[in-house]
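Colleague: Residue-level listing of the chains:
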Amino acid sequence: MTRYILTRLLDAVPTMLLVLTLVFLAMRVLPGDPALAALGDGAQPEAIAQFRERFGLNDPLWLQYLHFMRDMLTFDFGASLMSGERVAQLLVSNLGYTVELTIAAVLLGIMGGIPLGVMAALNRNRAPDAGFRVFSLLGYAIPDFYLGAVLLIVFSLSLGWFPISGAGDGFADRMHHLVLPALTLALLKVAFLGRLTRTALLEVLGRDFVRTARAKGARENRVIYRHALRNALLPLSTGLGLSILSTLSGSVAVELVFNRPGLGKLLITAITERDYPIVQAGVVVFAAAVVVVNLLMELVYVIIDPRIRVQ
Amino acid sequence: MANSEAIPLPEAPRLRRLAGEVVAGRPAVIISLATVLVFAVIAILAPWIAPRDPMAQSFIAINAMPSSDYLLGTDQFGRDLLSRLIYGSRNSLIFGLLSPVFAAIAGTFLGVTAGYFGGWIDRVVTRIIDMLLAFPELLLAILVAAALGGGFWNVVAVLTIAFTPGFARVARASTLAVKQEPYIEAAIASGVSTPVIIFRHVVPNISAPIVVLMTLWSASAIRLEATLSFLGIGTQPPAPSWGNIIREGLGNMFATPWPILTGGLAITIVVLAISTIGDAVRDALDPEIK
Amino acid sequence: MAEPLLEISDLTLEFGPISNPVRVLNHVSLSVAAGEAVGLVGESGSGKSMTSLATMRLLPASARLTSGRIRLEGHGDLLALPSDRMPEIRGRDIAMIFQEPMSSLNPVMTVEAQIAEAIMLHQQMSREDRRARVIELLRLVGIPDPQARMKAYPHQMSGGMRQRVMIAIAVACNPRLLIADEPTTALDVTIQAQVLDLLREVRQRLGTAVLMISHDLGVISELCDRIVVMYAGHVVETATVDDLFDNPQHPYTRGLLRAVPSLETSARRLYQIPGSVPPPGTIKAGCPFAPRCELKRDICTREMPALTPRGRDQRAACWVTADTPMTAEAIA
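Protein chains in written order, with this note's numbering: chain A, 1 to 311; chain B, 312 to 601; chain C, 602 to 933.
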């Protein structure tokens, strides 16, 4: 098992390097001059030259690449063009809000999605299943930022139950600010995870060991939650990884809707303000998050499935 | 050569039967098709059916509530919301149509190349595809948009890049399967050139899953374009798109909720309709792909 | 004979629409006495597995029982019990082992957890006692080094070992009846013999009654005292092993016997009953075996014969042999 984890960890290193390389290529080689992007189309030639000099854009590409890799691997992301703040500092101060939102939404999504999926599977082709199907179709079609905006209008603007913007100070206030954004992302997770649970559980319930569990005298609840669901978790954990990442990407829009600080808002604001160092760092951080989450999910898989452990 | 001429290709009757299967006995699919058709007509006829110029500002009718003058009211610049929604449908549908097609072409090219030739090409392509597939489409799109910036062709490029890995994976897997078929071996043995084999025999035979994905993902593309426009990195104002109507509506929500409500509803309805059609196409064409 | 341990009477089971039902079991009756080993034999599709699943009340949801009782000594009619009473009986009074040792164990639970669960569901026991009992059970079913092996997961064991674990689970609470549904079919021949030996030993040590289901008369005769032959949802013959082998009174039984390899017949080509079992629901009247029967008469295609006594402890459902009993010579 330790060897398996080590292999996975080692495997993540080239993936991360590849991701960084792709980010570099996207930022420097794709059409679109970073200097023009940062300064705007009407920029003075002197300003552009100055910008290129400052960010080493006149160096040969391989040297730029080496500098880029060195900076990223030492977490040296430079300073904001707008405020002059260290980008690393900005990232750290925003990270907590995004992590808090993502974790809350994923947890809510799991707590809602798995029981709903179980309910749909156990009532296959009956009313609760049909109801769930409509819900999950809607969950796929409604964009998260729209759902968030509607919740904001109804519960914050009209009813005044929740704050309209910000992330709050102190635990209780932060939780209060977290409710609507987390719920927005969670509702769509519920639909997605519920559908996955339903499919996986229906498949598992038809297998022989479920019959064995019943033959032992296990009651239905035990059969479903101890035997079937645990096996259904194997395909579910793959979906969960995807779900965490789509929650993370959804948080970008939701942070904007609820005017909440966070990595997504930082990145999007930087893009519109053409704050090049922040954009570059933000892209790297999100890309790194993908690698890290996938790695974590592989480790979760090891815990759930003993068959991987021994290999 | 005669040998390869005799190889059956997907024929027209099959497509017609397929269309029948997609619709058969499913009122939801018929309603969805009608919905998409209505939106398509609206998008095409926008200049003739929009009551006003979607960009025309009016200082005497700022944030007007729905009335007989402005059926859905106006925004903070006094622009007619209904007209903006009608013109906005053009953006949504064109992106929903264009980007899956481009992504399908790019993805099929990559996937077939990797699958047919194998070797190091396959290893490199597969590795990159696998890595990109780890990214949710939205995240990939945001990251590429961060590098490219907004504007029509950039958005097309962003969406295309976001969907290409998925097409490439399916195309590669299907190519590997088709390559095992005896008629490919027969074609190779009878000296048919590689490009002919690929375009006459491989590509037509992997078209089914690609078509399914194109339908399913045009819904995703519409939602994705809306999200990017909402984030301010898609369609740039003042040009209307459903996403940026909601974006501007959010800044103005204290005055009127209508832009948010109607813009979001339009996205939801179209995405719902297209994904219903996509599911039906999938069920009829290939029950195996999910 | 006192009241039997298990008595299935007049069991009829249907699938499909009520207007056009497909009958899978047709007034099936059989009984198992305490400590007795009964073999239920028949080709696939004969309804033998459905009979065993009905006894456990583990039939698929689409199955309909339209008549019959399943009496378990001390519990009355199991079919009349509310369904939430069945878990108390399963595993404690009646336990079951299945055909597929590869898939019948939960892949994500250790062997120990799966055996301990069977104990825990019916008996109050401290964790240490339970572990000691698991080790004892593994030793009973002949798994070497139980302390180490119980930490294993099913995929780390061979098919024969898994079937031993299944047996350990089944006998964990000393059930009065053990239903074994084709317990050796999926195993290699040498492993088959080992598992049969184990079942025989377990039966002797624990005094458990066994209802063994198999398509293979040879396997059944190894273990059982009495045999019930099923064909297309009907019980067609029941007798002690000796009577059945020496003096079968149903042409189908005779066909089955001729198909069993033995020392005397090994030189010759094995006999095969011509034709195949009719799919359920296709025979509407008469004896279902009639289309394949060498002794068929007119009445056979019109009316189903009743199960009638043929000597001591033997009953058969055949018009022909009721008039003129088959002789031993006719078998060869």
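Just so you know, these hints were derived from the structure itself, not from any lab.
Some hints could be false.
[Claimed, not checked] Simulated DEER-style distance windows between Cβ atoms:
#1 B/ILE439 - A/TYR4: 22 to 28 Å
#2 A/GLY42 - B/VAL412: 30 to 36 Å
#3 A/ARG3 - C/GLN795: 31 to 37 Å
#4 B/THR505 - C/TYR872: 57 to 63 Å
#5 C/HIS816 - B/THR505: 35 to 41 Å
#6 A/ARG70 - B/TRP431: 26 to 32 Å
#7 A/GLY42 - B/ASP380: 37 to 43 Å
#8 A/ARG126 - B/LEU576: 26 to 32 Å
#9 B/ILE439 - A/ARG70: 21 to 27 Å
#10 A/ALA130 - B/THR505: 49 to 55 Å
#11 A/LEU17 - B/PRO506: 43 to 49 Å
#12 B/ASP594 - A/LEU95: 51 to 57 Å
Ideal placement from N, C-alpha and C gives every residue a C-beta, glycine not left out.
Colleague: Of the hints given before, which are not true for this structure?
Modeller: 5, 11 and 12
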